[in-house]
Amino acid sequence: MSSRGSGGLEEEEEEEEEEEDEDSVNPTEVKMSQIVMPCHSNHRQELSVGQLLKWIDSSACLSAERHARSPCVTASMDDIHFEHTISVGQVVNIKAKVNRAFNTSMGVGVEVSCEDLFLDRHWRVCHAYATFVTQRTNTGTKVILKPIVPHSEKEQVEYSVAAERRRVRMLHDDIIKNLLSHGSVLQADNSAVGNAVAAEKTKVESVELVLPPHANHQVNTFGGQIMAWMVNVATIAASRLSQAHPYLRTIDMFTFRGPSQVGDRLLLRAIVNNAFKNSMEVGVRAEAYQEEGPNRHINSAFMIFEVLDDHRKLCTLPRIRPERLEGGRRFQEAIARKKIRLDRKYIISCKQGEVLLSVPWDPRNQVYLSYNNVSALKMLAAKNNWQLSSEKDEVRLYTMEHKSMLSFRVESQVDVPAHRAFYLLAELSNRPGWDTHYQKCELIFQVDEDDFLYRVVTPSVSDGAVGSPTSGHEGEGILQDFILLASKRKPCGSGDPYVIALRSVSLPTHPPTEGYNRGEVLCAGFTILETKNNMSLISYYNQASPEVVPYISTDIAGLSSSFYHNFCSCRRYLTRNRLQSASGDQTSQSQAPNTDGPTCDIKPGDLSEALHSTQL
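Going letter by letter, the sequence shown gives residues 1 to 616 in our numbering.
Bear in mind the hints are in silico, worked out from the structure with no lab data behind them.
In this text, all values refer to a predicted model and were calculated from it rather than measured experimentally.
Treat the hints with care, since some could be wrong.
Restricting the straight-line Cα-Cα distance to at most 25 Å, the calculated cross-link-like pairs of lysine-lysine (DSS-like) are [what the hints assert, rightly or not]:
#, residue 1, residue 2
1, K31, K177
2, K154, K383
3, K146, K95
4, K339, K177
5, K54, K31
6, K277, K339
7, K277, K338
8, K383, K95
9, K146, K490
Starting from the given sequences, assemble the full structure and let the hints guide the process.
Encoded structure:
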């Protein structure tokens, strides 16, 4: 774990208190509190990461089994970023609860915080997401999980985003392959690393015998114990490169590939795959074997370590010279994973309002931009403090102000099946036909079956939008244009809405041009929920940026009803095209919700050779 000063703790405490106010009793919630004893600590008298992982896995498993009412096993543990260390004598508070249940698997969220008993202070340490699967019954029957019913706003957000998180997890390997296949990663320059440390010197190999104390209540090797052993060998490998005691900063996804039992020998291998300026990646592999028989690959993980000096500053690390053959591949994949971590940090992990509006789009960050796009809309829809501003002919306009951000929602029920409304509204190129705010909408590029890039032209309501690249060219009649990423999602479970999410991105092939004010959209889009009698509840959301506020402010003030007329026009468009067209037959035949999650046979697209010319 890494260490950070306490200067930002007060702000974090306020955030935690705000979250706690929203919490309600969740039947799957499990709480664990442990005081850190010397036997749990490392040489620095700080809680060892291995011990923390054991507690996290135990809490998550208990939560999963409380919901499933049957034995469960760990399938994977998503990336964990450790923000603070925990010292001996402090208390670790762990809270785990099931965020969403799919068919036979479920996502469990785990929050870890630290408590100083003497200073009465609390701060967040990390947030983990684990996937658990149910074990078959004695007769070999699958245990089908009942759905989770979210109660609070926070639980609704986690429930909605769980499907997107699952989708990204399933695409992880494809993203790395895509980065490497498109030449997005610089090749290793072995001629320039003559003074580098040979990767072979960091190799660690250790064998552990699985004894009864290492087993869980199902007589399988405890997943937390396997993770702790893997952290141990990874730390040794990192120490051999740095010749110091490193801090574990991030764990890049544990993936359990198979079970292990008491009596197994676990062969643990670790090696430094790559060293960057201030961090290094260590790859770890765990194999199980008996006295006879082949080795079974049961787990893999990648761990990021840093070294701090006496002043708590990051140390510069020696370069690594990869092994021959497989070493070069691991070296390149480590660079790809670093790229992915940066995308996650600046696209996914940031809260709304902290991300730059027009994030540059390219095939290497497409999956994470799409994730952020859909998740942001789902989070906005899950908010429970919407205020009804006006209503006319069953078209309702809601507003919400949160931290100086104005958002609005327009919704109405339409006599059109949800899958058909989704198909019609997802065709963004048709929107100028019913939306007066869209003068032109042209498809730039179809990334895959779910994501599209558009250029939208709208009438300008001011002479030069604030902060736009062409704002200095004042004059009436200047149009606004937007470069939008449109991401659509079908329901992955009963009660889920169809989603069409929009956000601004930037493209090197479409820079701001003379005669147009480049506008930006932070978060916008539609949710389409199936209701009774084959009707749909259609809601349009927009987290208003400065370019959008003038369009809605007069409606909110009651001085006009342009959005009412636009929504009525949308309703007429949908009703007029209610009957299934020949072109939509193929789409509608596969609209039934998939109860075990979204389809994930998507490959990141390729816009143009120009987008691949920039190397990492």
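Evaluated hints:
no.	hint	in the structure
1	K31 / K177	violated (39 Å)
2	K154 / K383	holds (8 Å)
3	K146 / K95	holds (21 Å)
4	K339 / K177	holds (13 Å)
5	K54 / K31	holds (14 Å)
6	K277 / K339	holds (14 Å)
7	K277 / K338	holds (12 Å)
8	K383 / K95	holds (22 Å)
9	K146 / K490	holds (20 Å)
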